[in-house]
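Peer 1: Respectively, the protein sequence lines represent chains R and P.
No gaps in the numbering here: position 105 of the first sequence is 105 in full-length UniProt numbering, and each next residue is one more.
No gaps in the numbering here: position 836 of the second sequence is 836 in full-length UniProt numbering, and each next residue is one more.
Derived from the structure by calculation, the hints contain no laboratory data.
C-beta: ideal position from N, C-alpha, C; glycine also.
Just to be clear, a hint being listed does not mean it is correct.
Computed spacing ranges between beta-carbons, pair by pair [what the hints assert, rightly or not]:
#1 R:G16 to P:A204: 30 to 38 Å
#2 P:N154 to R:E124: 33 to 41 Å
#3 R:G52 to P:D635: 37 to 45 Å
#4 P:I789 to R:E102: 35 to 43 Å
#5 R:D51 to P:D201: 33 to 41 Å
#6 P:I789 to R:E124: 27 to 35 Å
#7 P:L73 to R:H35: 21 to 29 Å
#8 R:E124 to P:I717: 25 to 33 Å
#9 R:R126 to P:L73: 46 to 54 Å
#10 R:N179 to P:D635: 44 to 52 Å
#11 P:S492 to R:D51: 32 to 40 Å
#12 P:Y631 to R:N179: 25 to 33 Å
#13 P:I267 to R:E102: 15 to 23 Å
#14 R:E102 to P:K606: 32 to 40 Å
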Amino acid sequence: MAYAYLFKYIIIGDTGVGKSCLLLQFTDKRFQPVHDLTIGVEFGARMITIDGKQIKLQIWDTAGQESFRSITRSYYRGAAGALLVYDITRRDTFNHLTTWLEDARQHSNSNMVIMLIGNKSDLESRREVKKEEGEAFAREHGLIFMETSAKTASNVEEAFINTAKEIYEKIQEGVFDINNEANGIKIGPQHAATNATHTGNQGGQQAGGGCC
Amino acid sequence: MFGRSRSWVGGGHGRSSRNIHSLDHLKYLYHVLTKNTTVTEQNRNLLVETIRSITEILIWGDQNDSSVFDFFLEKNMFVFFLNILRQKSGRYVCVQLLQTLNILFENIGHETSLYYLLSNNYVNSIIVHKFDFSDEEIMAYYISFLKTLSLKLNKHTVHFFYNEHTNDFALYTEAIKFFNHPESMVRIAVRTITLNVYKVDNQAMLHYIRDKTAVPYFSNLVWFIGSHVIELDNCVQTDEEHRNRGKLSDLVAEHLDHLHYLNDILIIRCDFLNDVLTEHLLDSLFLPLYVHSLEHPDKGGERPKISLPVSLYLLSQVFLIIHHAPLVNSLAEVILNGDLSQTFGKTEQDVQRSAKPGVRGFVKPTETLERSLEINKHKGRRRQQRRPNYKNLGEEEEEERPPAPAPTPTPEEPEDADKARAPEGGPKGVKASGDSEEIEMVIMERSKLELAAGPTLQEQNTTDEEKSAAGGLDGPPWSRPFLDMVHHALDSPEDDYHALFVLCLLYAMSHNRGMDPEKLRRVQLPVPNEAEKTAYNHLLAESLIRIMGSAAQPDAKIRLATLELSCLLLRQQVVTGEGCIIKDVHLACLEGAREESVHLLRHFYKGEEIFLDMFEDEYRSMTMKPMNVEYLMMDASILLPPTGTPLTGIDFLKRLPCGDVEKTRRAIRVLFMLRALSLQLRGEPETQLPLTREEDLIRTDDVLDLNNSDLMACTVITKDGGLVQRFLAVDIYQMSLVEPDVARLGWGVVKFAGLLQDMQVTGVEDDSRALHITVHRPASSPHSRPFPILQATFVFSDHIRCIIAKQRLAKGRIQARRVKMQRIAALLDLPPQPATEVLGFGLAASAPTQHLPFRFYEHGRRGCSDPTVQRSVFASVDKVPGFAVAQCVSSSAASSPSPPSASGSASGSSTPSATHSPSDDPLATPPPSSLTEPPDPCRTPPRAPPEPGLAPSLTPAPQPPISLLCAPAADALSLDALTLVLPVDPCSLRSLTSGPPGDTPENAPGDPAGDTPSTGLQLQEPVQP
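Take these sequences, add in the hints, and give me the full structure.
Peer 2: Here's what the structure looks like:
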């Protein structure tokens, strides 16, 4: 149970793009996706390993709460990573990305890692948004991009783990203030002892940055 | 964790061999449950997997086969869940059960299935189950479970959760106990749950909420918010060298979260709940803590208090976010009309006799929320065992313990820390709160009346209005303490620290939708979008103009945000539906400020390439991202004293400039803002900005007449390997790739058009016939990067053509930039610059100009619907290149043969619109003055073009003599206005008062200011020779 870090994620995007399914697919493999069962969840946690460190991911789906402004803005603020999901078979969900992204940038802390996800890549025949379009959007806005399928589990692991890697790298670079839990990052209980050295490093890096 | 059990299950059951989604399988699982009613170490994994599989089948059943549900209910399988839960079966099983419940309620689609699941109160038993909330994961799953349930609440389902007879509403009461949980995600979930509950239209339930829970919940919530505010203030007070910024921005964001949450409650419009909330907010937070702190810092004594800037800042946030009329009106009433010192001075004596119910003042609740809820609930009911939460978990003796003397609702800090900090930060009252030493305050009689009865308020207002109308415009309103403070803060042009907050608060109050416009009108505060405005607040307007004047000074301490806000407020004051009601004398002062800004920028104007990019970039970012006051007030960095260094990471608009580049950028912005304001107030259109207008550009799919154009055939190989044949053409601003139009010979369809100024051309090493060309699009938003819209290799038929193309593009790029630089010069009323000096490239560049017959397209050449019009336009245009070149040959260093640039550079008075519009093509008239006098380096006079060349509309019309220094009786001019001329530098002061003939630049007839009636500049006309 002990972990080095805990990263909090949120999942955002239009309704029906498969956010909760992606979440369940990632956090609990025992629920096997089959054709006659659509199943998702609003919260999940899972342990992953990056760089030999145990990292716990806590993922909160914000679905159904969009009508309350206070709720969305708080969610954004409390997260270290966000998965911005659209449905490749529905053009409108892609068109709404800008709005979602503006919201996210406005409310989140500037270091939040955002991954763009084109979901339902298994439904190739009904595709309305080309992969290149997703890539271009991601490139223009500085996001990581991936097409996934919650049904076939394709790329689901990668989406969540790559986001975590990015966050982890930012921690290593000293970009995130890890002692501030408002950033959506928490240092694990077991890690607290070694934390002293870590902050030492970080301080050094910051000082280094200051003189240039 | 889940991964581990998966492999275990996989082997045991042979998922593939049997259809797991079936009634039969559910029956089998039921069998497993009956065999394993007791949780042991051995069957734990089996049970977990069984529970999980049941969920899966139920969801499948909901979507495919309802008989599954019947079986589940028939066998009462929920009881097994509860049974397992109650066995203290450990974390593993607990988490699995909670996940199951989450999934179950999240995925159930059919209403009937949901009713079945909720029907026999098992869910409520699970809600009140004592989980181990110290476990992070259990807490998270538990609160998600409650949140999922709350999302299912509606008129019908609410009966399953709220029991009218027993006054039980576990879902709500259990949830709000975590309102101050240290984990932010938990707090957010609690707020979601409460909002989802308030949203349900069920009177009985809402009455229960109000009668039994509202007071404890809201008073705790308000205290919680207030504690954050005091912490925030501490953070500002103790800051050194901006070191607290990180923490400060969290605290500000937290405060915003609170306000948004309060607003979300208020906009549900549950009236009687709102009344309780409004009362609590006003009496226990906004008035005693925020408004109280507006009072002079020396007064006020022992009560908790925050500093003036923080209080202004927070009040602005309140007015920007909350629009609930009763709340904002009462608050504004006290702020605007209250005699702050009296109001609060009185309290000392009144403390003793104010025995009103409900405590007024920022006071800590005497008991925890949990305790209060319990007491409320137990009024007339049997006592129940208290359930632990994350705070008291493991305290077995809690049952009999009295409530802790001062149980702390603050989440992050233990109480001791709170107490320890209190003395140094000033809020001494905080620590006393646990005891009986409560600080109380009396709100002004009037505002109390207001809270109680609306109708009387109306009468009061009218009488007040009449009184103030009778008392004259400038007298009474400004005698109020708050307004005095406003005036004082705006009046210190040396430092805009306070001024920015004051402006924000004024803006926020006047833009508040819930605000009664009468209130604002009484103090002559600007009401936006008001149809008929006849008067405005002169003193405020003068303060605003004074800020603008100072902002245009070289070493001004006015931040751009302050300036922009001042412009916004002035606009709001004087612009009405019909026009502008600004007094001439004020407009004159504003013109003075605008002139100053022109001076300021002229000082920075350099012939460097980067100046153009900066100029255009500033324009783009200003028009694309207009000031959003709400966003501005979300930024914690303005709470710290203004700084100039970008090392803080503070946005440029919210700090002072650092270094020459930033000073230039700032000067550009100041000019843009004041120019736009002045044009608007004078009712004139902007004709010179932006430098290139979208409508002047060639776009993809335009059809152009390319007869006589220089076209170069080439093969365009894009990055992804695409290969097309195109003709390359170079226009004044753009390069375009065209393909022949099948309909008309000699015409071409534009397939790509990109700005020459944003283009890069490089040769290809191993191919002398090829060029790499990249065209970037300027960043469209601050977050996106410059994006290449074209990245391709152009292959020409031979290396000669390749070299020609390269030269043409390079020259075109320089030329395009030069044209624009000249436009800027015109905007600044600078004399036309010698072409060779403009861009810092010398002979090499100017020599070949003669034999480079660039093809410059006129705006009107784009294919449009009427062919006859086209023809006639083109007929004249087609003469251009030859003609222009011929002219240019004679003057060796002609800057530009192109009509727009020539006229643009020759005279500051001719506007781009005049040269661009097809209707009055300057070239249709035989040798127009603009072409005969391309700036010659040898003889360019440092003066504006001769007067005769001006259009009649541009020559100043004689005006009646008005002097700023002897205020006309018609303008009810306050004495303060006279001081407005002072900040202007002596030189321009002279130009305003005496207008010496030699003072060319600002007096140039082409000055856009010069051609409007009744402006400041006209004032000088009579004295000119």
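Peer 1: Now tell me if each hint is right for this structure.
Peer 2: Each hint, compared with the structure:
About 35 Å separates the C-beta atoms of G16 (chain R) and A204 (chain P), a value consistent with the hinted range of 30 to 38 Å. As the Cβ distance of N154 (chain P) to E124 (chain R) is approximately 38 Å, the hint placing it in 33 to 41 Å holds. About 39 Å separates the C-beta atoms of G52 (chain R) and D635 (chain P), a value consistent with the hinted range of 37 to 45 Å. Range check, I789 (chain P) to E102 (chain R): about 22 Å between beta-carbon atoms, so the 35 to 43 Å window is missed.
At roughly 52 Å, the beta-carbon separation of D51 (chain R) and D201 (chain P) lies outside the given 33 to 41 Å, and the hint is violated. Between I789 (chain P) and E124 (chain R) the beta carbon distance is about 29 Å. The supplied range of 27 to 35 Å therefore holds. Between L73 (chain P) and H35 (chain R), the C-beta spacing of about 27 Å keeps the proposed range 21 to 29 Å intact. Remark: the range hint 25 to 33 Å for E124 (chain R) to I717 (chain P) is upheld by a beta-carbon distance near 30 Å.
For R126 (chain R) paired with L73 (chain P), a C-beta distance near 37 Å fails the hint of 46 to 54 Å. In this structure the supplied range 44 to 52 Å is violated for N179 (chain R) paired with D635 (chain P), their Cβ-Cβ distance being about 22 Å. Take S492 (chain P) and D51 (chain R): their Cβ atoms lie about 54 Å apart, and the range 32 to 40 Å is violated. For Y631 (chain P) and N179 (chain R), the Cβ-Cβ distance of about 27 Å falls inside the hinted range of 25 to 33 Å, so the restraint holds.
The supplied range of 15 to 23 Å is met by I267 (chain P) and E102 (chain R), whose beta-carbon atoms lie about 22 Å from each other. Taking 32 to 40 Å as the suggested C-beta distance range, the pair E102 (chain R) and K606 (chain P) conforms, at roughly 36 Å.
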